[in-house]
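Number of protein chains: 2
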Amino acid sequence: MTKLIRSWVESANAPDTDFPLNNLPYGVFSAGGSDPRCGVAIGDRILDAARMEADGLLECGGALQTGGWNAFMARGKPAWAKLRDALTKMLTEGSDRQDALRGYLVYQAEATLHMPFSVTEYTDFYAGRHHAFNVGTMFRGPDNALPPNWLHIPIGYNGRASSVVVSGTPVIRPNGQLKGPDDAMPRFGPSQRFDIELEIGAIVGQPSDGPIAVAEAFDNIFGYVLLNDWSARDIQAWEYQPLGPFQSKATATTISPWIVTAAALEPFRTSTPEREKPLLPYLAEPGPMLYDIALEVGLTPEGGVETVVSRTNYREMYYSAAQQLAHHSSSGCPMRVGDLLGSGTISGPTKDSRGSLLELSWGGKEPLTLEGGEIRGFVEDHDMLALRGAAMGDGYRVGFGSCTGEVLPARAVKG
Amino acid sequence: MTKLIRSWVESANAPDTDFPLNNLPYGVFSAGGSDPRCGVAIGDRILDAARMEADGLLECGGALQTGGWNAFMARGKPAWAKLRDALTKMLTEGSDRQDALRGYLVYQAEATLHMPFSVTEYTDFYAGRHHAFNVGTMFRGPDNALPPNWLHIPIGYNGRASSVVVSGTPVIRPNGQLKGPDDAMPRFGPSQRFDIELEIGAIVGQPSDGPIAVAEAFDNIFGYVLLNDWSARDIQAWEYQPLGPFQSKATATTISPWIVTAAALEPFRTSTPEREKPLLPYLAEPGPMLYDIALEVGLTPEGGVETVVSRTNYREMYYSAAQQLAHHSSSGCPMRVGDLLGSGTISGPTKDSRGSLLELSWGGKEPLTLEGGEIRGFVEDHDMLALRGAAMGDGYRVGFGSCTGEVLPARAVKG
Chain A
1 MTKLIRSWVE SANAPDTDFP LNNLPYGVFS AGGSDPRCGV AIGDRILDAA
51 RMEADGLLEC GGALQTGGWN AFMARGKPAW AKLRDALTKM LTEGSDRQDA
101 LRGYLVYQAE ATLHMPFSVT EYTDFYAGRH HAFNVGTMFR GPDNALPPNW
151 LHIPIGYNGR ASSVVVSGTP VIRPNGQLKG PDDAMPRFGP SQRFDIELEI
201 GAIVGQPSDG PIAVAEAFDN IFGYVLLNDW SARDIQAWEY QPLGPFQSKA
251 TATTISPWIV TAAALEPFRT STPEREKPLL PYLAEPGPML YDIALEVGLT
301 PEGGVETVVS RTNYREMYYS AAQQLAHHSS SGCPMRVGDL LGSGTISGPT
351 KDSRGSLLEL SWGGKEPLTL EGGEIRGFVE DHDMLALRGA AMGDGYRVGF
401 GSCTGEVLPA RAVKG
Chain B
1 MTKLIRSWVE SANAPDTDFP LNNLPYGVFS AGGSDPRCGV AIGDRILDAA
51 RMEADGLLEC GGALQTGGWN AFMARGKPAW AKLRDALTKM LTEGSDRQDA
101 LRGYLVYQAE ATLHMPFSVT EYTDFYAGRH HAFNVGTMFR GPDNALPPNW
151 LHIPIGYNGR ASSVVVSGTP VIRPNGQLKG PDDAMPRFGP SQRFDIELEI
201 GAIVGQPSDG PIAVAEAFDN IFGYVLLNDW SARDIQAWEY QPLGPFQSKA
251 TATTISPWIV TAAALEPFRT STPEREKPLL PYLAEPGPML YDIALEVGLT
301 PEGGVETVVS RTNYREMYYS AAQQLAHHSS SGCPMRVGDL LGSGTISGPT
351 KDSRGSLLEL SWGGKEPLTL EGGEIRGFVE DHDMLALRGA AMGDGYRVGF
401 GSCTGEVLPA RAVKG
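Those protein sequence lines, which keep their order, are chains A and B.
Counted from 1, the first sequence has number 266 at position 266 by the numbering used here; the numbering is strictly sequential.
Counted from 1, the second sequence has number 203 at position 203 by the numbering used here; the numbering is strictly sequential.
Please note that a few of the clues may not be correct.
Stretch-level coverage of chain B by chain A, calculated; a stretch enters the list once three of its residues show a Cβ under 8 Å from a Cβ in chain A [unchecked claim]:
#, stretch
1, 39 to 50
2, 185 to 194
3, 231 to 239
4, 242 to 251
If you are wondering where the hints come from, they were derived from the structure by calculation, not from laboratory data.
These numbers come from a predicted model, not from an experiment.
Glycine included, C-beta positions come from ideal geometry on N, C-alpha and C.
Produce the entire structure from the sequences given, and follow the hints as far as they go.
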């Protein structure tokens, strides 16, 4: 296991920071009335990478002047490595650039974080074995829980890029068509079973124009974010057959503000679990392409304290993002810079490692009791949900920051 | 019914042209080595609207200098009306601008057509009653043909914007996972049941950031294109449960090169059919929001002659694009300029009015015999498919041009 790389930014050496020098995640921030601009998290600060480029301290062909990381991603892997290398050298303890760089550091506490990149298209997968079994059991019964194709295909559906928002954005409870099994007709109103999904999103950093192999897919992924795929389970249950989830998943998908690069996660690679059925060759992984990332979900009721309702790990996934991207391209589907691939809900084998309230409360039948005594089947208005995650190194952690959203009451229904 | 508006461009007065002065559809063309640029079809010519704006003959705030119509759409309905009005005046028989404009006319035969706009996101609906019943019967049997939600929800799924191509782009037969009902394991190879879907695509021309009513949705639609949603039925059958179509629909979706505006189609508005079950208020149409557009599909085998395999009409749809857009926004899903909404396959009640080969050949069991004697269950390599459509006026037609694609053999599968 690699060690902490010490930085002259002292806060980056603290064992509990998400942003040691080993991480260097990319985000977009504004501070002091500035326009949103590219920055790099280091300890409790943000390095103003946009202004550094403008002042000639970094060379990225102007890509950092665009208010997002898409243009930089499009420059390709050698450019990715070059910037990371330059930043690492400049920020390492003992660097002679310390005085030159000090003026480019902004306190995170004084900055507002924005979407780190423009989401081109968004695809959500369903690649957690435990999640698929749990949900399948509730929707279709235990005998039909795992669909026949599940062990052969990293199943996914196209989501809605326009609804992806950055951490901190309030989420308005959706209205939609609701119909209980005994209702003669559907009605239109606020979702009563509004839920979260704990996921990790992979960001495509290189375009492809035809089928790509798993190894190439792995190389094309620029980095990862935490992702909460808000889901209205009652809308979903009525709408999802035969064409899949649509408005139940279109209200909002929240991502963490920092892109943790594949390079930073490199020491934490791990293998997907043993195959229960052999995969077709186009999905075979040539090496470990999943990551060991500890994850948790916190729920804070209005005016209350947080309860951690789930602890799990990204290594639970049955399919890696590289396998998902290879499958995504298998029909010839063009992939573009900024495409976001949700992993699917990350549930572990135990009850307290489930990644959605649907599973944690077993469809509301076994509500959770929170620290303050309140109970929860699904998300209530003004609940604050927070996802957190980090790969754990020896004396340091490569973290994502937090991915939060408060749920606001539904809009009034007219007519 | 409105009459032909005569133009000094003589070819625009021919009864069989798709592009009389009543139409004025918007596209993107290049000619003589130029960059792709905004143009307007009139008879057998294209008016170089981009150069007219650059020369001060049109005022669109520079929107026509962007190589696509998105920026113009974003300017809003008054700007849409103003340009249409200006073009109509300039091109009307007897206009004093005739000499000034002659130099801006390019023969369509000498131009290459490009994507008329950048597709922001693509959604495909399933709103044809006959199509849903036919396909449901084949996939799930006649008793479960129409899903329980179908008469209440304009069902749709998110498609893949990156795969939308302009008419004339060759389409490579996809590879994918295939599994017959009696196969123990899936295999990976070329789709054997590659199909077309005859649809009309609605283009969102104004953004919305929350639920919108059907009337507002109707106003937000800028125009329409023909749309062929290529579909690999065998890949679809194996992958589609429980999350809907994914790689079966991601190879290509072909659109016609001309955006026929809602303004041009205004005289051809018609109502959706009588409701079999009452709709929830958020989906109620305040007036006729569908259009009477005659449609046909031609199939030409390699080196052969064309057979028209289907004739149908857009008025067959159960839900209008306005209803689909209102439903799309009902969860709060933000809609953006350039979003493309496929109508769903447009099948009529009779066998020869079905909009897909799946239905026309009843899953391949009743193959079609083409003019030259060849038979077809699904699309064969080097078949050329052409969609055509026009609203029929009194002595003129408001047409879409054709929407064509030749199917090329699948890529070799490695490994």
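Status of the hints after comparison with the structure:
Three residues within the 8 Å Cβ limit are the bar, and the stretch 39 to 50 of chain B against chain A gives 0, so the coverage statement is violated. Remark: the stretch 185 to 194 of chain B is confirmed as covered by chain A, as 4 of its residues place a Cβ nearer than 8 Å to a Cβ of that chain, reaching the required three. Counting residues of the stretch 231 to 239 of chain B whose CB falls under 8 Å from any CB of chain A gives 4; the rule of at least 3 is met. Counting residues of the stretch 242 to 251 of chain B whose C-beta lies closer than 8 Å to any C-beta of chain A gives 9; at least three are required, and the coverage claim holds.
When held up to the earlier numbered hints, the structure conflicts with hint 1 and nothing else.
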